[in-house]
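Visitor: The residues making up each chain are set out below.
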Amino acid sequence: MLDLTYETPKPKVIAGAKHDWELVIGMEIHAQVSSNSKLFSGASTQVGAEPNSNVAFVDAAMPGMLPVINEFCIEQAVRSGLGLKAAINLRSAFDRKNYFYPDLPQGYQISQLYHPIVGEGEVLVEMGPGVARLVRVERIHLEQDAGKSIHDMDPTMSFVDFNRTGVALMEIVSRPDIRGPEEAAAYVTKLRQILRYLGTCDGNMQNGNLRADVNVSVCRPGQYEKYQATQDFAHLGTRCEIKNMNSMRFMTQAIDYEARRQIAILEDGGEIVQETRLYDPDKGETRSMRSKEEAHDYRYFPCPDLLPLEIEQAWVDQIAATMPELPDAKKARFMADFGLTDYDANVLTAELDAAGYFEAVARGRDGKQAANWVINELFGRLNKEGVSITETPVSADQLGGIVDLIASGEISGKMAKDLFEIIWSEGGTPAEVAAARGMKQVTDTGAIEAAVDEIIAANPAQVEKARANPKLAGWFVGQVIKATGGKAAPQMVNELVVKKLGL
Amino acid sequence: MMTNANELTIAAARDALRKGELSATDLTMACLTAMDAGDGLNAYVHKTPEIALEQARAADARIKGGDAPDLCGIPLGIKDLFCTKGVPSQAASKILNGFRPEYESTVTAKLFDAGAVMLGKLNMDEFAMGSSNETSCYGNAINPWRRGNDETALTPGGSSGGSAAAVAADLCLAATGTDTGGSIRQPAAFTGIVGIKPTYGRVSRWGIVAFASSLDQAGPMTKSVRDAAIFLGAMAGHDPKDSTSADLPVPDFEAALTGDIRGKKIGIPREYRMEGMPAEIEKLWTDGIAMMKDAGAEIVDISLPHTKYALPAYYVIAPAEASSNLARYDGVRYGHRAKLAQGDGITEMYEKTRAEGFGPEVQRRVMIGTYVLSAGFYDAYYNRARRVRALIKRDFDQVFAAGIDAILTPATPSAAFGLGEMASADPIQMYLNDVFTVTVNLAGLPGISVPMGLDRQGLPLGLQLIGRPWEEGDLLNHAHVLEQAAGFVAKPAKWW
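Protein chains in written order, with the numbering used here: chain V, 1 to 503; chain L, 1 to 496.
If we strip away everything but chain L, and leave its shape as in the complex, we get (with noise of 0.2 Å):
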């Protein structure tokens, strides 16, 4: 038996399993051995051992038989907004104390079709709605990196922290994230892992907790771009039963890994360029910049110029549809229901349902949300944050046509920072956390990110590239050259 199998890729797992020189079940219980030892991390919110080890041995079948998807065996985390039969599925809310779903998602049931393995459910924030984890019903997730010696607790960012902290730490070979702003590019870039969120419609919605329906999209979180290349490969494709998404076949993302890149048109955004960007990222970007060159690759500066417009776009757009989708939470049918005292009638079981059941976060975003949907307030807010957006895509629509193949910039504003560090902050401080990524979800397009290489105090940081919309194969390959040259291999080192 290979040792620490749990720290493989999908791409050498999947080949190894193949070739025979492991088994799923052993893969699986490496991982399990793997999650147990990383519950200082607090990634996984409910474990599903039995589960795992059952699909393992009919992966194990399976391959036998000579009948052996690529995701066939491998163990993966799935994010708690992932409703999954019989399993708990809350959304990391207390809201959904409780709740177990008498459905599998689309993008679960296909994995698990493909026989893949599920070791548990995974730490968010809740609802996503967050970007440090820290909203979570289940407490923080924490990051596997620290500052040197610091023992100080970093986030895994969010809102799939516990994705990403689980795929850092080998608690698991890959994950389901989500990402509505940013809440897979942006823990992927803090935990130095690839995050992809492909293209809106690309991945089923169906039966993934709702945050805002315009924006969300399910991606994977894994140890390398080949593997987010096969694991996007077994989530995507076409689902009548979300209206959403689109009709159009998947093709073979790993194949478009060609490595070669010669001749491709690099965006670079000037209104990317953010005032008062640490001096680390700034070098980072010029560092991926070069390396895209040296790959043969033409660079061109670009202009976005409704770039600076896209946050405050989002913070209206998004919590204006969540406030719609959050209403079902309402204690009558499922989750939490406050006990309700004498003579309460069905407005105090909302009120007090709502209040014990949704944290301060979400309560802020449904509050914000039925704000700008109010009347005499809609056209001021909603409206014109659906222009703002159709302006955005109009930026990226204009420089694709012009030839850009892909777009390079920053994937965060900073390195991971601490638990707790923006407890006392404004919120509008946590809300710059997506400021790179939040353009990519209005506009529907697919961002990946990339882990390049360690800051002065030793943490990950990565880079974003923007594809043109339906081509994550393309854009797989352009991040594929850039792993390739960044040649990021660190670990973090295990204190857990």
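Excised from the complex, chain V in its bound form (with noise of 0.2 Å):
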């Protein structure tokens, strides 16, 4: 168990006027799962269409029509159980969930309250080098989104796009585990990470394609431990849940700051109420949405349209037997089999596509050196210039020439740099492209010796300063090299200007 070798990290603190607190932190993820079409109707799940162009019948709540399942949402759900070595169930059930509101035409959302079709996972959540936390998770359970509602269009009138209508969710339930709001941000980017390596969820953020739904609880130091020791919520703090969170940046604040609310409260001798919250990021505060009174009678009960949900075993392991290497596996195995650093090796596997680019070009060649020029050369000129690693213009067939050429001694490093800037800009074969511009490092030690006697020859001045003060070796050996035309080795050119000044 990969778990065993971390460390569990500190909850975060916060030093109250009277007191220290601890904060515990339980999440719903809403993440899109990825299909082509609805959940339970064939309209198109495409992002950016023209308002209310993917709507089906059943999507609109037309008279009359009935939902009808979209297996592959249901395998894109047990894959991302399985990813989070989650229970399957192979019985679960759609509920309704009853409220109104106009982008719902149904006026109510079918779910699955009662009968989930994943059960209980976990997420193994990195903070540092071997510190880990394992975040439990209850659930996963399959929804329908909603549409969308458009208040500023005109000044008295409010719009509805259901295009969204229907789009299957994942919620993804954690149990109250996670103990600050970094290990929250955390959370939320590795099970992000986990889905997009799945290919379940795009995780696009921005888009609301993943958004979570933070539960916030303050406890004095030890409660959490007797809640673990118990699973008794009585333990800990009444909680707030804060709607809607779909940037990392805002969720840290908005939890730290909710904290910071409830300990106020708490000190100054109030009671946390039960409530759902929003943030409100220009202001940087969370305010109350409704409380737990004012709360919907959401009156779930059975979809009676649709029969429970029975899946096979087999077909769970068919979806398993084709399951990809997760981010977990592939970091260890990048670490044992390249040399990585821990941090590289986060770094080269936060993204598949990245993953498997520095796969190709360390495939057959050092590792290190790979990861060195993935990692600077390339992702900093990707980021320089905002591409994406699927539209780099240096492959990584290119990219291995580049290192290829560097471990052979045929290039410097510097000469690589100029190289890798050619192939990005024009492109070629890195060997062919440095035969053609003659770009070649001198390791005739000959030559390079009767450069070198050459410029100690020409500047007696310098020979003598540098006797004096070794440091301004350098100098002579950028001579060399400048002499060279810049080809010469410059480890080798070193050697001999130290030998020859007879430092």
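Covered by chain L, per the in silico footprint, the following chain V stretches (three or more residues, Cβ under 8 Å):
#: 1; stretch: 59–73
#: 2; stretch: 105–115
#: 3; stretch: 305–313
25 Å max Cα-Cα, derived DMTMM-like pairs, lysine to aspartate or glutamate:
#: 4; chain 1: L; residue 1: K352; chain 2: V; residue 2: D161
#: 5; chain 1: L; residue 1: K241; chain 2: V; residue 2: D103
#: 6; chain 1: V; residue 1: K97; chain 2: L; residue 2: D379
#: 7; chain 1: V; residue 1: K148; chain 2: V; residue 2: D202
#: 8; chain 1: L; residue 1: K339; chain 2: V; residue 2: D103
#: 9; chain 1: L; residue 1: K339; chain 2: V; residue 2: D154
#: 10; chain 1: L; residue 1: K393; chain 2: V; residue 2: E310
#: 11; chain 1: L; residue 1: K352; chain 2: V; residue 2: D103
#: 12; chain 1: L; residue 1: K241; chain 2: V; residue 2: E312
#: 13; chain 1: V; residue 1: K18; chain 2: V; residue 2: E267
#: 14; chain 1: L; residue 1: K94; chain 2: V; residue 2: D103
#: 15; chain 1: L; residue 1: K241; chain 2: V; residue 2: E75
#: 16; chain 1: L; residue 1: K339; chain 2: V; residue 2: D161
#: 17; chain 1: L; residue 1: K352; chain 2: V; residue 2: D297
#: 18; chain 1: V; residue 1: K148; chain 2: L; residue 2: E102
#: 19; chain 1: L; residue 1: K19; chain 2: L; residue 2: D113
#: 20; chain 1: V; residue 1: K97; chain 2: L; residue 2: E348
#: 21; chain 1: V; residue 1: K85; chain 2: V; residue 2: E351
Keep in mind that the hints were calculated from the coordinates and are not lab data. Quick reminder that beta carbons are idealized off the backbone N, C-alpha and C, glycines included.
Reassemble the complex: the two chains are provided individually, in unrelated frames, and hints are given to aid placement.
Guide: Below, the structure written as structure tokens:
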């Protein structure tokens, strides 16, 4: 088990006016399922289409229309469950959650309250080398997304766009195992990474493709351990739920603000009221959206239009057999096979495309060298240009070719950087481009020695100075490289200069 | 040309069409004439003569070509609950004012594919909620039968009241109905026709405005058991668009009408012998038992112990589902939207639209349904009703497992009553109309109402046969035997 090798991080402690407080956080992540069509209709899920163009009759809740389960969405939920090492429920069922809102045409959301498709799982959240929190996942259930209400197009009217109505969402519910704002962000990052590896959610937070409801409470040190020992929530504080967070930065800000708000109330002798709150990023504060008393009565009941969903273990096994390598395993393998540091392995496994790129460069080459080039040169350049790894003008083959030229000593590191620039903007095979441009470092000792002798002979005053101050030997190195048109291998020049000057 | 072709059964018309003795166009014309002459019954709420004649002409061509399914050229009335493409489909509710679907329900699509002719849309209780057709936004449909010379307008029953009145008065050859708690069988009994509710899942619900999804089932309303067999065969079948529709082959129901029920076991449930049951109903039932016995069946006293809980369970489950199914009628996308006052927001739009659009019975059921699903009441009402439902189903399972082939019961606790007679009564009095029929819906079984005779006042009465799941063929055969033995041929005297 991977987790046994990790140390548990310390919970975030906030010093109140009177004493210390710890945070307890649980999350409900709404992850839009990657699928071409909606959970119960054949309408497209494509983002950015004309308003109300991807709407089937059932999505618009026309009279007499009935939902039919999209099997691929079920497969995606099962795959996600397997990726979180979760129990897959072979029998699950859909329920209706009833409430009125114009962007909810049916007047109910079809969800899975009583029998979710995925049961208990876990997410390992790394907080630093060798430090990680194992967050328990309580369940994943499938449900329909709502449409979009638009209130700012007309002074007197509101508009609705049903394109998103009925798109499949996975609600991933964690236990209250997250102990600080940074852990919360790291949990979302890790979950997003796993889902993207699995191809079950694009995880585009700006588009609302992945959003989180965050439950925050505070407690005195020691209370959380009592909860863990008994699973009795009475040991924990009353929680407030911050709705619809779709930015990591705002999420950490909101949690921090909310914790401090609760601490201030408690230290004043007040009580926390269980409620739903919204974060206002402009003011940097959370505010009440509705209290428990105002909470909707959703009148959940089993959806009579859908039979209970029964899937076969053999089908689950089939999905399990096609699971990709997941981030934890990939990172461990990169560290073991390519000798990467924890940091580099994290960077290179963050995104599947980047990991694949790195692996193509590193295969049969020096892993550390490959990692340096991918992280420093390639990623640096991609970031600077705002280009994604999938659109990189320098292919893994090309970058591998550059690394090969360095490894064989044919070009210097400096030349390699120039060569990278040329390949980036003009393309070509690195070996051919290097040859055509005469990029070849001189490693012929005789030729370099002659050049060194020449420079020494021509600069007696500099020789005197360098003998007095060996740091000035670098000047000779520079001159020799310049004299050879930049082709002399710097290491070799350095050695010869030192020797000839008798330093 | 045959005179009064509109009075034909489907079977007789089919045979005449195939022999060339009658054209679908002439048959349709006869029905259109009868339909127009029958306006006093208020059975049709929207007539589609142009569609009918076009379909009839197409049917004639098909019959000439030798490609004529059973329903080819047969003029039908369609209950307003079915969505018919481009044709008003309002479930007899104001809230669907002006709604013309852009799609065709699976049932009507199948019928039209088989060459059937649509004469128009038929009256019904609003959203199929009612037992007398008095909740319709189009006004009452009227029973063609009268109490002798008494001109009191009687109910054709409900919710498929328009369908029943139209079939009984020969304003079509047959009609579609839907049955959630008895809405096919009770009006069939009140008007002296045959009505079958198939096994839940036999007929697709796609495109039928939903009342209570786990109970709703469409079925035929016809002039004979043979017609019901023919019609059901054309409606039934698996539909991938309805997840609750069963992926089972549809047998030839007409071929099942052998008339032979020798050795079959007919169960007579003692719990259906209600206190205060009219003597005439009691006698009708006894006569029916004797007829089955004469036909060679074995009569067995059986017990369905949870019967008395069926009506309350039904009136929890059906409104619960309805309250959710009807949430979509909010004025946002289609149908009626209330005029709003300055400053009104979305809540006012919902409240005003739904208050104006839904009639009192629909509002009552939406409120009951909302209440029984509410936090704190859910277990006491909805969950308990579901448990009762499971027990009712188990009662039937056990009886069928013990070898019973069909169960014979009264169809209704009375003959048709006068329109308005129940107006001041407790709504529960009206709900009691369903006392013999709701168990069948709760258990998902097939049930058929067969006309047996007239009461002292000259009004038709029917008996109900309940069959094993998916055994509609066998059930129809039992009904066929009963029909033959009863020899019910009376027709209402034409006064309209």
